[in-house]
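Same order as they appear, the protein sequences are chains Z and E.
In case it helps, our numbering puts the first sequence at residues 1 to 290.
In case it helps, our numbering puts the second sequence at residues 1 to 100.
Simulated DEER-style distance windows between Cβ atoms: (1) Z/226 x E/6: 22 to 28 Å; (2) Z/43 x E/51: 33 to 39 Å; (3) E/58 x Z/201: 56 to 62 Å; (4) E/58 x Z/234: 33 to 39 Å; (5) Z/244 x E/39: 50 to 56 Å; (6) Z/127 x E/38: 34 to 40 Å.
Chain Z is nowhere near these chain E residues, computed Cβ spacing over 12 Å in every case: (7) 18; (8) 19; (9) 26; (10) 28; (11) 40; (12) 50; (13) 54.
By construction, these hints were calculated from the structure, which means they are not laboratory data.
Ideal placement from N, C-alpha and C gives every residue a C-beta, glycine not left out.
One letter stands for each residue in the lines below.
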Amino acid sequence: MKLRDLSPEARTAAETQAIRGEWEYAAYDQLLKDLIAYDAAMDARVAFRKKWMIVAIIVAFVGLFVAILVINNEDAGAGAAIFVGGIVHLITAIVLWKKARKMALPENALAMLQQMFRQVRQDLDTKAKIRVNVDLSGPTKAKCGPKQVLPPKGAHSLSQRVYADPWCQLRFQLRDGYKLSLRQVDQLTELERTRRTARGKYKTKTKYKKLCRLTATIVPPAPVQWAGQPRVDPTWERLRVAKKKGLDVAVLDRWFLYKEKLERPKQNPSGADAVGMLYRLCSMRPAEAK
Amino acid sequence: MNCQWQTGLLVPQPCDSPAMGGCSLCGRSLCMMHTVSGPNGPACPTCANSNQGYEQNEETELESSRSSYYTQYGGTQYFTKRDRQSVEREEVEGYDEFET
Numbered sequence: 001m002k003l004r005d006l007s008p009e010a011r012t013a014a015e016t017q018a019i020r021g022e023w024e025y026a027a028y029d030q031l032l033k034d035l036i037a038y039d040a041a042m043d044a045r046v047a048f049r050k051k052w053m054i055v056a057i058i059v060a061f062v063g064l065f066v067a068i069l070v071i072n073n074e075d076a077g078a079g080a081a082i083f084v085g086g087i088v089h090l091i092t093a094i095v096l097w098k099k100a101r102k103m104a105l106p107e108n109a110l111a112m113l114q115q116m117f118r119q120v121r122q123d124l125d126t127k128a129k130i131r132v133n134v135d136l137s138g139p140t141k142a143k144c145g146p147k148q149v150l151p152p153k154g155a156h157s158l159s160q161r162v163y164a165d166p167w168c169q170l171r172f173q174l175r176d177g178y179k180l181s182l183r184q185v186d187q188l189t190e191l192e193r194t195r196r197t198a199r200g201k202y203k204t205k206t207k208y209k210k211l212c213r214l215t216a217t218i219v220p221p222a223p224v225q226w227a228g229q230p231r232v233d234p235t236w237e238r239l240r241v242a243k244k245k246g247l248d249v250a251v252l253d254r255w256f257l258y259k260e261k262l263e264r265p266k267q268n269p270s271g272a273d274a275v276g277m278l279y280r281l282c283s284m285r286p287a288e289a290k
Numbered sequence: 001m002n003c004q005w006q007t008g009l010l011v012p013q014p015c016d017s018p019a020m021g022g023c024s025l026c027g028r029s030l031c032m033m034h035t036v037s038g039p040n041g042p043a044c045p046t047c048a049n050s051n052q053g054y055e056q057n058e059e060t061e062l063e064s065s066r067s068s069y070y071t072q073y074g075g076t077q078y079f080t081k082r083d084r085q086s087v088e089r090e091e092v093e094g095y096d097e098f099e100t
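Bound conformation, chain Z alone (with noise of 0.2 Å):
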């Protein structure tokens, strides 16, 4: 699938990295069900070029080897040849690899956004819109926080830097009145540990924390009485009532932890998640509401 393959909606969320507006319902599950169809086809383009990237690495090398082999034969063209056309594939392999990895978007998060408006769509108010504001563009550079330093750890030096991305935002009228509104904020953490050896090189490792931070807000139509609390984790949760226009909205934290060596975590909140912390929510609801 490609760009021009998208519908308007599709492609301008695409390219821009972002869905912004009021939607309703079925018109934003054909907008998610399109960008998880385009970044399917994107993370295959990823994968195609990584793979041609590699055959280029050998088919320079293949070359550089045969040009120094017969390098005094005649022949020695014909090696020459094949190294310069490696690296010409390498490099243009590269540059799409990078470009076809910037245009990729994040699966999981996609994934969370449609399987937690498919489970509550039949309570959703079939006249009032989602409002939605969702950063698909990720941790990126204008996220990030300066780098800082920390104290050394035994032969260690360590720095840090942390990106703040606070990506989604949802609002959503159920049937019965009451709005619900979801937000995620991401911090990644990348950790920096430098060593120097014995030979004076300098090694560096990089260690990666992402804490996701899931919050729930249920906004009742009129003054209301909660009917209690429901059962809240309290070292992964929060619960909270908060006075907001002559209104009690309660609202409801979980964070979520995910840490690799190697690479940037990719996992994220599913949508179970999600309608779990909103399904408690509702259960505060008084029992003429239920």
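Dock chain E against chain Z, hints included.
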């Protein structure tokens, strides 16, 4: 008689469509949309999920995810042992949170 199937998860409401038949396993009245055909006769999405040989459609998939969600919700399964251990480890003094 109207369909007795409850639609929705957060705001469950009965389906208002007129019933066209019933579930041959639990007996509740069902409309065409919530009837799943299979070897033991027409069934509701819940019975279709718990019996083999029934076709899978959007309703049975939704019911399946809903029931798995209900069984996990509020119980010990919702927060795994690994979640707990991860937090307990962080509380140890001098623990390197990047150590995996």
